[in-house]
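2 protein chains.
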Amino acid sequence: MGDKEEVKLLGTWYSPVVLRAKIALRLKLVDYDYVEEDLFGSKSELLLKSNPVHKKVPVLIHNNKPISESLNIVQYIDETWNSSGPSILPSHPHDRALARFWSAFVDNKWFPALRAAAITKSEDAKAKGMEEVEEGLLRLEEAFVALSKGKPFFGGEDIGLMDICFGSFLVLLKAREKLKGEKLLDESKTPSLCKWADEYLSDDTVKNVVPNVDKIAEFIGELEVKGQS
Amino acid sequence: MGDKEEVKLLGTWYSPVVLRAKIALRLKLVDYDYVEEDLFGSKSELLLKSNPVHKKVPVLIHNNKPISESLNIVQYIDETWNSSGPSILPSHPHDRALARFWSAFVDNKWFPALRAAAITKSEDAKAKGMEEVEEGLLRLEEAFVALSKGKPFFGGEDIGLMDICFGSFLVLLKAREKLKGEKLLDESKTPSLCKWADEYLSDDTVKNVVPNVDKIAEFIGELEVKGQS
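Quick mapping for you: the protein sequence lines, in order, are chains W and V. Numbered according to full-length UniProt numbering, the first sequence terminates at residue 229, and the numbering increases by one at each position without gaps. Numbered according to full-length UniProt numbering, the second sequence terminates at residue 229, and the numbering increases by one at each position without gaps.
For the record, the hints were derived by calculation from the structure and aren't laboratory data. Careful: at least some of the hints might be erroneous.
[What the hints assert, rightly or not] Partial list, derived from the structure: chain W residues whose beta carbon lies under 8 Å from chain V: (1) S68; (2) E69; (3) N72; (4) Y76; (5) R139.
All C-beta atoms in this analysis are idealised placements derived from N, C-alpha and C, irrespective of residue type, glycine included.
Sequences are here, hints too, so could you generate the full structure?
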């Protein structure tokens, strides 16, 4: 892509959705500058200017053009550096549709349920929310079997969109397990997802980018003390 | 694509999101069977089987493989019948990212605000919600100017993803205008969107597929009487 490529990623070290962009950039062997944002302090001018609608990370700035929303960024990276590294989206339209469908399920249904259950003060709402989270995991177990077709990843032999999407929450799940003893990914209920999670987190690209589970557990613990999680 | 194509769309006549699939199929000159679902009565076995996660329309069934979620369906149609009709997604990755970003804004921010404002019984929440809807329209006006680059559509010379996405709500806006005298698209505030709306609704493909404004107004009125809108 020539010498003049300027790639910058605005993120925070603990954000699962920023992790998606980092992994996609690594998979596609893209060099980039990383800018850590302080979302608890004041957001940078560059962030506010680059993502005026949501004012959120991640933002990818490629040759001065900003792109927001993590899955949108991952698809952009896949389409832009299409001859470098493995394809993140499958080649067949139906497989692509499935990857997008399940990624949307994770972002619009499953994770919002987990977040709502984590935030609520009502024990009833928490229990109901966690039930929804667990049902979602059973759905995702089925989805894994259908999409992976016996291969190690949702994307088959290679890490794909849905691996990056759902996989970005694995460290959070492990941190919650450490902090609360809560075991959401359970061998007896979601054996394929458990195996996939191990496979994903031990992948060379992934393990060099994911944040440390202990640090994330500490971070969540501090947020909870401040009443912000 | 050969003789063996079997394309079926499960929908309801009044659904804006079903309209997206219909328009994409028309643009790509795809013949299909349409199945009207009765969401107020009982959902068909085919719908429940084809979209077990959300149990919602639209569902596109192509050679027995179901695809759900309207924007996902539109992208699938664009990728599957890629040599037929104009491209629905732009060719450049950055333009594609913008089309996806703004479509997500419509579906995840703007329309949910409109729906919440329509449903709530609190006058305060309604007023606040409608403020968000109007602010969203100002954002969309800016987006139109940026994306269309002086051409008639968000997609440029041709109808694209964002036209199909946002355009699917135009009949609803017109029906609300008729029913409530509420004028959301206003010449003085969003002149480019007003011009675009006229252009879009008078497009040959679109005008043959959109439901009748009076029928939609009547339908919304009945829902409101039943307390369902």
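Hints and how they fare:
1. S68: Since the shortest Cβ distance to chain V is 6 Å, the answer is holds.
2. E69: Status holds, d = 6 Å.
3. N72: holds (5 Å)
4. Y76: For Y76 (chain W), the interface hint holds, since the closest Cβ of chain V sits about 4 Å away, which is under 8 Å.
5. R139: R139 (chain W) check passes; min Cβ-Cβ to chain V is 6 Å, inside 8 Å.
Every hint from the earlier list agrees with this structure, and none is contradicted.
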